[in-house]
Amino acid sequence: MFCSLHFKNFNSEDSSFSGVGFTDRSLMNNKMFINPFYSKPEIRYPCLWTYKVIGRDRDRVLEAIDEVMQQRPCEVHYSRSSSKGKYHSFSLEITLYSDNQRLSIYEALMRHPAIRIVL
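Reminder that position 65 of the sequence shown reads as 65 in our numbering, one-by-one numbering, no gaps.
What the hints contain is simulated information worked out from the structure, not anything from laboratory work. Take these hints with a grain of salt, some might be off.
Said to hold, decoys possible - Quick list of simulated restraints, FRET-style, between CB atoms:
1) Pro41 - Met110: 12 to 22 angstroms
2) Ser83 - Tyr45: 30 to 40 angstroms
3) Lys84 - Lys52: 31 to 41 angstroms
4) Asp59 - Ala108: 32 to 42 angstroms
As the list claims (entries may be wrong) - Restricting the straight-line Cα-Cα distance to at most 16 angstroms, the calculated cross-link-like pairs of lysine to aspartate or glutamate (EDC-like) are:
5) Lys52 - Glu107
6) Lys52 - Glu75
7) Lys52 - Asp66
8) Lys86 - Asp57
9) Lys52 - Glu93
10) Lys86 - Glu107
Glycine included, every Cβ here is placed at the ideal spot set by N, Cα and C.
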C-alpha cells in the first residue's frame with residue numbers, strides 16, 4: 001500500500017506555479033525546511049510513507065529514530081554515507097493514517113539533536 005500523491009497548483013497575482021513535486025529547500029538553523037509557497041501534496045491515507053533521515057553519528061541517528069518512533073511498527077534501512085563519511089542516511093518506512101501523524105513524526109525527528117535533516 002503506497003501513498004497516492006496529487007499536487008495542487010499555486011497561483012498568485014504576479015506568478016503561477018504548477019506543482020510537479022519539487023520544492024525549494026533552504027537551510028535554516030542547520031535544519032532543512034520546505035518553502036510553503038510550492039505545491040502541497042494531497043495524500044490519501046492510510047499509506048506507506050518513507051522519511052529520509054540524515055545525521056552525523058550513525059549510532060546516534062538510529063537511537064534518535066528509536067526514541068521518536070516509541071514502539072510504533074516501522075522499518076529502518078541504512079541508505080548510504082556521504083563521500084567523506086561525514087553524514088549517514090537512513091530510510092524510515094511507516095504506515096501512516098493521517099496528515100497530523102505524518103507531520104508530528106516529521107517534527108519530532110527534526111527536533112532531535114542527533115538528526116540534521118529529514119526529507
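Proposed proximity, Glu93 with Lys52 (alpha carbon, max 16 angstroms): With Cα atoms ~9 angstroms apart, Lys52 and Glu93 stay inside 16 angstroms; holds.
Decide if the proposed pair is consistent with the structure: Lys86 and Asp57, CA atoms, cutoff 16 angstroms inclusive. Measuring from Cα to Cα gives roughly 8 angstroms; hence the hint holds.
Taking 32 to 42 angstroms as the stated bounds, is the beta-carbon spacing between Asp59 and Ala108 within them? violated, 19 angstroms
Take the C-alpha atoms of Lys86 and Glu107, compute the straight-line distance between them, and say whether it is at most 16 angstroms. violated, 23 angstroms
Does the structure keep Lys52 and Asp66 at a Cα separation of 16 angstroms or less? With a Cα-Cα distance of about 14 angstroms, the restraint between Lys52 and Asp66 holds, given a limit of 16 angstroms.
16 angstroms Cα cutoff - pair Lys52, Glu75: Measuring from Cα to Cα gives roughly 12 angstroms; hence the hint holds.
Should the hint that Ser83 and Tyr45 are 30 to 40 angstroms apart at their CB atoms be regarded as holding? holds, 37 angstroms
Does the structure keep Lys52 and Glu107 at a Cα separation of 16 angstroms or less? holds, 13 angstroms
Does the Cβ-Cβ separation between Lys84 and Lys52 fall within 31 to 41 angstroms? violated, 19 angstroms
Met110 and Pro41 - C-beta distance against the hinted 12 to 22 angstroms: holds, 18 angstroms
Consistency note: the structure conflicts with the earlier hints numbered 3, 4 and 10.
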